[in-house]
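Visitor: Here is what each chain is made of, one letter per residue.
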Amino acid sequence: MAVINVTAGSQAILTLGNTAVLAEPDNASGLQIPFMQDLTVNASAGVTRYKVLDSSSEKAFTTPSTNQVTLNALVDDDVFFGNAGVTDNSVATNGLFATSNNKTKIFFSVAFEGSDSTDVYLSGEGFISGLAPTASMDQAVWISPITIEVDGDFTQGTV
Amino acid sequence: MTTIADQIRTEVQSRLAILPVGGFKVSDELPFTASGEPLYVKNKKTVYVDDDVEGRVQLYRTLDQGSVYATETTVTAYLTVDAKNQPGIIDTVITLILDAKDVITGAQIVESTVTSEIEEDYVTYSFEYNITKL
Chain A
1 MAVINVTAGS QAILTLGNTA VLAEPDNASG LQIPFMQDLT VNASAGVTRY
51 KVLDSSSEKA FTTPSTNQVT LNALVDDDVF FGNAGVTDNS VATNGLFATS
101 NNKTKIFFSV AFEGSDSTDV YLSGEGFISG LAPTASMDQA VWISPITIEV
151 DGDFTQGTV
Chain B
1 MTTIADQIRT EVQSRLAILP VGGFKVSDEL PFTASGEPLY VKNKKTVYVD
51 DDVEGRVQLY RTLDQGSVYA TETTVTAYLT VDAKNQPGII DTVITLILDA
101 KDVITGAQIV ESTVTSEIEE DYVTYSFEYN ITKL
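These protein sequence lines map, in sequence, to chains A and B. Taken in order, the first sequence gives residues 1 to 159; the numbers are from our numbering. Taken in order, the second sequence gives residues 1 to 134; the numbers are from our numbering.
This is chain A alone, in the form it adopts within the complex:
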């Protein structure tokens, strides 16, 4: 039992691809998002509460989860606008902006422990949303929030 230390720089990895296999953490053709400042997996089960006459506490039942992956990252030009030299992963070829703009479904994985054998990750599919690149003279590099609106469940897997 131990906390997962991410200071080595190779633990928290978000990988994107146009197929589930491409998006696996150890796939060399996967598009790993660089320069992430933070990464959040939001697996939020919906809950509806109701009151009954014979109980002093509220009752509850669950509704479908809203799953998202959110992050903030410094904008890398190849990753954001695409790299025509990449031919085996259309997400990398087109870049985050075009993929979001075209509302293309992507596959993703969030590695918690890196990409070595037996390392755990969560995967799924969804749509890139929430791009809002910002720059100013106080913050002189482009930074953008990025959201993956997950279509369906997260799936736990190991490398």
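The hints are simulated quantities; they were obtained by calculation from the structure and are not laboratory data. A quick note: this is a predicted structure, and the numbers were derived from the prediction, not measured. It is possible that some hints are incorrect.
Reference listing, derived: stretches of chain A covered by chain B, where coverage requires no fewer than 3 residues with Cβ under 8 Å from a Cβ of chain B [to be verified]:
1. 7 to 18
2. 135 to 142
A short list of chain B residues far from chain A (calculated; beta carbon distances all over 10 Å) [unchecked claim]:
3. Ile18
4. Val21
5. Val41
6. Gly55
7. Asp64
8. Glu72
9. Asp82
10. Ala83
11. Ile89
12. Val123
Every residue gets a Cβ at the ideal spot worked out from N, C-alpha and C, and that includes glycine.
Given the coordinates of chain A, work out where chain B should sit on it, guided by the hints.
Guide: Here is chain B on its own, set in the frame of chain A:
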């Protein structure tokens, strides 16, 4: 390699050269001390520009250790004049020296400030240029 101090020294030189009077000049020497006395005190109305003092500051940390750093450079210049009989154009000279910061391009922050200190019968103006580049 041309340092920021070199650029500022050259710019101050060219700006002072357009003054019709005054006899102000810029020295290529560093403002070191000779016989216990700084050169700018010994040589009045001569601007001395010190070397760059640099520091690297981490601006952004990222999960893949792809950090972004800024280089903060401080350059100090000195000018001493007679305190009792200050040159009539001293305000113009101070403005010209402060505005020499404009020669620095591609920087996130470019600032210049001046402070003065009177000692015995002379006043020393210390100019500080602060430049931040990514």
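Visitor: Okay, which hints does this one fail, numbers in order?
Guide: Result: hint 7 breaks, nothing else.
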